[in-house]
Amino acid sequence: MKHITGLMFFAAILWWILSGYTKPLLISLGIVSVLFTAFLAHRMKVLDDESQPLHLSLALPRFWGYLLWQIVVANIKMVIIIMSPKMNIDPHVLRARVSQQGVLGNAILGNSITLTPGTVTLDIGNGEVEVHAINRESAEDVENGVFDQRIPGRKGVRS
Amino acid sequence: MAVSGMLVLTGKGNKMTVLDILSGILLLAGCSLGVIGAIGLIRFPDFYTRMHAAGVTDTLCAGLFFGGLAIQFGLTLASAKLLLIFLFMLFTCPTSSHALAKAARHGGLEPWTKTGSGAAHNMSQEGAKS
Chain A
1 MKHITGLMFF AAILWWILSG YTKPLLISLG IVSVLFTAFL AHRMKVLDDE SQPLHLSLAL
61 PRFWGYLLWQ IVVANIKMVI IIMSPKMNID PHVLRARVSQ QGVLGNAILG NSITLTPGTV
121 TLDIGNGEVE VHAINRESAE DVENGVFDQR IPGRKGVRS
Chain B
1 MAVSGMLVLT GKGNKMTVLD ILSGILLLAG CSLGVIGAIG LIRFPDFYTR MHAAGVTDTL
61 CAGLFFGGLA IQFGLTLASA KLLLIFLFML FTCPTSSHAL AKAARHGGLE PWTKTGSGAA
121 HNMSQEGAKS
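Going down the list, the protein sequences come from chains A and B.
The opening position of the first sequence corresponds to residue 1 in the working numbering, with each subsequent residue numbered one higher.
The opening position of the second sequence corresponds to residue 1 in the working numbering, with each subsequent residue numbered one higher.
Bound conformation, chain B alone (with noise of 0.2 Å):
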């Protein structure tokens, strides 16, 4: 299935090139991250924690992403483009990322910790009960 699927978006026919196998699996390790990071997403503890796995799936999920499509152009203006999106997705994902961080400090919501069961890990105590 997977390999039909592939051979779809290339469009060259029936052959299988060893950079469509790389890309292949860029793609894959891509997904698989993407699925690591929201697993993490729901075992960490509070919201901070979670900000970490989240991260995963804004840097390198992302990354493979686009380098698996960027082998599917080739030297394209559309690889161009896929480029400008992963800087893009570089430059605002931290700060987007830094402004929660702050927002959710501002607030008054105390960092988790292994020893101290603060407000936030009373919280999520909570949040995973219902």
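Looking at chain A on its own, in the form it has when it is part of the complex (with noise of 0.2 Å):
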């Protein structure tokens, strides 16, 4: 029921950002669709907490805030080594142990590592995670699990 909320919620919010419409008609015709979408996604059974993380709603904006810092420093180390005469780079791919659990809590590490230039997910899975880093430097946030640690819901939906 919770999830069914929250889709609504945010569905009518995403409706009207993008339409902008205010006229009765147009308002009421919104509705019936965000309560046609709401009824396929029940239909559909993809309403569960993976889908709708309403569980990590406080959690998620806090890590988002730290994962911006994180994206906004590596950007400027990377223009660093891109802009340097002689690049200090030495790419290699390393594997680090993650403490993630379930699919969800995989899919944001993945993304996170990815997001920050300078480290790309190659494979993440089955308590492993395999990188591609440019140089020593970016990789240990990755390496000694700084990253991991951070991660909100990592006890979430089992894979």
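Since the hints were derived computationally from the structure, they do not count as laboratory data.
Heads up, some of the hints might be wrong.
[Stated by the list, open to error] Below are the BS3-like pairs computed for lysine-lysine, each with C-alpha atoms no more than 25 Å apart in a straight line: (1) Lys77/A <-> Lys114/B; (2) Lys23/A <-> Lys77/A; (3) Lys114/B <-> Lys23/A.
[Unchecked claim] Anything over 10 Å on all C-beta distances counts as not near chain A; from chain B, calculated: (4) Ile25; (5) Thr59; (6) Gly63; (7) Phe65; (8) Leu90.
[Claimed, not checked] With the Cβ distance kept under 10 Å, some of the chain B side facing chain A (calculated, not the full set): (9) Met16; (10) Thr17; (11) Tyr48; (12) Met51; (13) Val56; (14) Asp58; (15) Phe73; (16) Pro94; (17) Ser97; (18) Leu100; (19) Ala101; (20) Ala104; (21) Thr113; (22) Lys114.
By construction, the Cβ of each residue, glycine as well, lies at the ideal position given by its N, Cα and C atoms.
Relying on the hints, combine the two individually framed chains into one complex.
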């Protein structure tokens, strides 16, 4: 029930942001489409903790703030590498242990690693992550699990 | 030139406010990051390292553009739409990057290393010559 309410809430906000209509007729059409979407999602049985991580509503925005900061820092390091005459690169592939148990945690971790320039996730799963890093420094946070510990919902939906 | 361009963009006549200057700085920084990302794309030796350079354009470059344009629009629906586009990019870019990297790995492309000169190294050398 909370998933379907959450979906309807976010779908309604999305509808209004994208359309911006305030006429009663159009708004009622919007309500109908939101209800129909919720009905379809319910019938397809895709409403669960994975598609609607409502239990992370508070933890996720905090993590996003941390992630955005990490992205800015990694970008600055990357710009320095690119613009220096003698590029300080030492590309290598590394493996690190991860504590994520669920698919959601793995997806968030994998995407976050790829999102910070300097590291790209090659493979993730079975408690391990394989990362391609541009130099030793950029891989530090992945290697010593700083990222891994920050991911919200580590014990979420099991794969 | 750049200043007159900014004024056309804001459409507020011939007065430039602090916010206009701030958004101009953000847009210029975004542009430079885009160019730097392209430079990295050319300078880096192989496919995997080039992906890191493209990451700069995907993330901070796009973010600065979003910031600069959101300041121009203020608290309006247009800004909300920009934020949605930015969020969409943050969700899709890593997914596509990961798919590319995994496909390259699956296809047997060996990463370039500082010491060894693998197949990928030779290939990129040939590519640089042609």
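Hint check results:
| no. | hint | verdict |
| --- | --- | --- |
| 1 | Lys77/A <-> Lys114/B | holds, 19 Å |
| 2 | Lys23/A <-> Lys77/A | violated, 50 Å |
| 3 | Lys114/B <-> Lys23/A | violated, 63 Å |
| 4 | Ile25 | holds, 15 Å |
| 5 | Thr59 | violated, 5 Å |
| 6 | Gly63 | violated, 8 Å |
| 7 | Phe65 | holds, 14 Å |
| 8 | Leu90 | violated, 7 Å |
| 9 | Met16 | violated, 27 Å |
| 10 | Thr17 | violated, 25 Å |
| 11 | Tyr48 | holds, 5 Å |
| 12 | Met51 | holds, 6 Å |
| 13 | Val56 | holds, 5 Å |
| 14 | Asp58 | holds, 8 Å |
| 15 | Phe73 | violated, 13 Å |
| 16 | Pro94 | holds, 4 Å |
| 17 | Ser97 | holds, 5 Å |
| 18 | Leu100 | holds, 9 Å |
| 19 | Ala101 | holds, 5 Å |
| 20 | Ala104 | holds, 9 Å |
| 21 | Thr113 | holds, 6 Å |
| 22 | Lys114 | holds, 5 Å |
In the structure shown, a violation is registered for the earlier hints numbered 2, 3, 5, 6, 8, 9, 10 and 15, in ascending order.
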